[in-house]
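Each chain is listed here by its residues.
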Amino acid sequence: MAATPRIIVVGGGLAGLSAVIKIAEAGGKVDLFSIVPVKRSHSVCAQGGINAAKNLKGEGDDVFKHFDDTIYGGDFLANQTPVKAMTAQGPAIIDLLDRMGVPFNRTPEGLLDFRRFGGTLYHRTAFAGATTGQQLLYALDEQVRRYEAEGKVTKYEGWEFLSAVLDSKGAARGICAMDLRSMETRTFPADAIIVCTGGNGAIFGKSTNSVVCTGSAQSALYQQGAFYANGEFIQVHPTAIPGEDKLRLMSESARGEGGRVWVPRDKNDKRVARSIPEADRWYFLEEWYPKYGNLVPRDVATRAIFKVVYEHGMGIDGQPMVYLDLTHIDRATLDRKLEGILEIYEKFVGDDPREVPMKIFPGMHYTMGGLWVDFNQQTNIPGVYAAGEADYSIHGANRLGANSLLSCIYGGFVAGPQAMAYAKALPAQEGDGGHAAELARQKEKNEALLNNKGTENPFKIWRELGETMTKHATIIRYNAGLDEADAKIVELLERYKNVNLSDKSQWANTSFAFTRQLYNMLELGRVIVQGARLRDESRGAHYKPDFPERNDEKFLKTTKAAYKDGAPAFEFEEVDTQFITPRPRRYDATA
Amino acid sequence: MAQAATSTRTIKVEIKRQSTPDGKATTEAFEIPYRPNMNITSLLGEIALNPTTVTGAATTPITYDSNCLEEICGSCAMLINGKAMMACSALVDKLEQPIRLAPLSKFPVVRDLAVDRSVLFENLKAVKAWVPIDGTYDLGPAPRQFPQIQEQRYPLSNCISCTICMEVCPQFNDVTGFVGAATIAQARLFNMDPAGSVLKEDRLRALAGDGGIQECGFAQNCVQACPKGLPLTEAISDMGRDVFVQQVKDLFTR
Chain B
675 MAATPRIIVV GGGLAGLSAV IKIAEAGGKV DLFSIVPVKR SHSVCAQGGI NAAKNLKGEG
735 DDVFKHFDDT IYGGDFLANQ TPVKAMTAQG PAIIDLLDRM GVPFNRTPEG LLDFRRFGGT
795 LYHRTAFAGA TTGQQLLYAL DEQVRRYEAE GKVTKYEGWE FLSAVLDSKG AARGICAMDL
855 RSMETRTFPA DAIIVCTGGN GAIFGKSTNS VVCTGSAQSA LYQQGAFYAN GEFIQVHPTA
915 IPGEDKLRLM SESARGEGGR VWVPRDKNDK RVARSIPEAD RWYFLEEWYP KYGNLVPRDV
975 ATRAIFKVVY EHGMGIDGQP MVYLDLTHID RATLDRKLEG ILEIYEKFVG DDPREVPMKI
1035 FPGMHYTMGG LWVDFNQQTN IPGVYAAGEA DYSIHGANRL GANSLLSCIY GGFVAGPQAM
1095 AYAKALPAQE GDGGHAAELA RQKEKNEALL NNKGTENPFK IWRELGETMT KHATIIRYNA
1155 GLDEADAKIV ELLERYKNVN LSDKSQWANT SFAFTRQLYN MLELGRVIVQ GARLRDESRG
1215 AHYKPDFPER NDEKFLKTTK AAYKDGAPAF EFEEVDTQFI TPRPRRYDAT A
Chain Z
399 MAQAATSTRT IKVEIKRQST PDGKATTEAF EIPYRPNMNI TSLLGEIALN PTTVTGAATT
459 PITYDSNCLE EICGSCAMLI NGKAMMACSA LVDKLEQPIR LAPLSKFPVV RDLAVDRSVL
519 FENLKAVKAW VPIDGTYDLG PAPRQFPQIQ EQRYPLSNCI SCTICMEVCP QFNDVTGFVG
579 AATIAQARLF NMDPAGSVLK EDRLRALAGD GGIQECGFAQ NCVQACPKGL PLTEAISDMG
639 RDVFVQQVKD LFTR
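Chains as they are written, first to last, in this note's numbering: chain B, 675 to 1265; chain Z, 399 to 652.
Since the hints were derived computationally from the structure, they do not count as laboratory data.
Note that the coordinates shown come from a computational prediction; the quantities given were computed from them, not determined experimentally.
In this text, a Cβ means the ideal position worked out from N, Cα and C, and glycines have one as well.
Just so you know, not all the hints are guaranteed correct.
[To be verified] Mimicking BS3-like on lysine-lysine, the simulated pairs with C-alpha atoms at most 27 Å apart in a straight line are:
hint, chain 1, residue 1, chain 2, residue 2
1, B, 826, Z, 523
2, Z, 626, B, 1021
3, B, 1178, Z, 414
4, B, 880, Z, 492
[Claimed, not checked] Here are the simulated distance ranges between beta carbons:
hint, chain 1, residue 1, chain 2, residue 2, range
5, B, 1250, Z, 520, 41 to 49 Å
6, Z, 454, B, 1165, 27 to 35 Å
7, B, 991, Z, 523, 48 to 56 Å
With these hints in hand, go ahead and build the complete structure from the sequences.
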């Protein structure tokens, strides 16, 4: 038994920092690894808010309704036990964040204000302007800095996780990581590790994700024997700003505050948007989904926009874009509640969304799948835990808006204490616990890359990966296309062997680090497309026109991919549906 | 390739490069095919796809910090045509060419356009920029807080730690050891929080003396350069007053 448990947390976003705080508070020692300074983690990009059924608007909301909305929104694919626990803890988590000083918007009476979000009929989303993720991350970052100042947390910022160190019994005994400045590769001992490395948007080339969201760590663990679950469930957010380098998120809170999505009824209408009278506008979401209107869940809104653009040919000026309109809302309200996102649109597009309807289109946004974990956030590798977007556990086939921040904090709050308990009961390691062997394996990979005399540019391989994934594995999926995508990735993996680093230096070599990530992206890409290929049904974000219905009999199951002989091997696991019986998911119903 | 490039529109870029912290700085010139709506980070991505200088010489991709690409993570601050800006929100169409890129000048260069800005995070420790909560267990809601307090705190809480306010400050240098506007603004943010204000005196004392708030020369560069429009000079003047009052108090009571 370890005297003071030593836990490694990988990733300093909301989930990672939540785990760190719980461990430090319980007297454990934490080493926190992050590619970027933790304050620059991707959680800062979350905009709209965080859900919890506080019921401060006299609507009769409660945690069971939040639980039901989440399960129904996820098309019944999520195991219900952890979702029930998360939604039950929601109100206490909001209170804690409030006590940490998060500048949540307030009502005149000084209480937390709540707004509406997709997939619910209640005001359940607490928010700090339209930069809620940033504000929440900072609050946790500050608490971790406090523990750091007290010597309970050691940060390794600018270090990248490469792999877990596994002992002869297959249990974690530490990690292997690389310093992104000195390029030193070494192992670090730990009694348990918690992986909170976010989503994998980079596999799709352009997405709303940050640069570090490559899925590389999850993929490395999958290649070491961890199950990767529900990989095929990828959320495409309905409202993003198309861009040269990325798709910038335009928060669902824009619609939560009354934003309306429309196109001109006449596809040849050349008038300036604001001069088009109401009667000549087609508010297709409100027409098709009268009860939820613009606040249908994201998968539903995304498919609707896709249909309007590609089936009806009604995109603005024939382009793949529709209007997201806030111009009917007064400026003061917009500035008080949405300023952060309005500024993003202004800065990157050049128009003021208070005056001009925004032009938006769906973009890859969120990874519902992830490392398989049990209800204590532990993967199938003993001592390896996962939390946040990196795990698969909460959101099923489609995540509801403003549930991600809650799931990150909840997951970290479970993983931290669970890892501590595991570490306390862990027998002493035999020999070196596998450290020397893992270090040698990783150094060999580094050497192979640096000495490769090939001709392939890694950034070009990445671009091709992104194009094929976006084309075949996002909003609409066909089996022929998925087969094509898998064949393409196999080709790219082959070309990867011939990769050439134009920079072979051993100091702050970002393309070297990227090329290592790229390999892991390719392996994980296969898990996504093959998982989608196998699931011949439509459920949540996974939509196949050839199989338009949900098929509970065959596919009310978790997809689990294991890395066998260099390729994914799949098995399926029953879903825990003990609290809410699956029912048809119909947001177009009016009753 | 070279012929094709001359017939189409291109973007001219000159980048100050340095392979190690102690290495000699050189400048490399690039010509990138033009596309509308490019920003500086997408320009740097194009160079990584084809790392070749304008003379056709093979070179290496540029090292720079970036993450969110939407001006909220604070990573990609650099000098663009001599001005400290975020590279992601700097749009090529609005910049004079050749576009000159250089690392921030007040921080140690790591490589190329990447610099070490960890000093800011150390400063935040010194001023205890946090609310010292009792614990993470469920203790119920925080005290009620009028919207006016939130509306004062929120703008300061939008600081993305980009360090541009420090870069442009004439007083931020080795001689003064000035902590810079960002740290002072964060101290102000936590002093305004009803629970965070329990550490108010510690924060004020940390900002007294050499390198503290007295070093501010009121150049006001910070507030003009801040990409997030933080009310930095207001925060500095409020804190300046509070630090002074604290010093007088301490003179008589300690």
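Which of the listed hints are not met by the structure?
-> none
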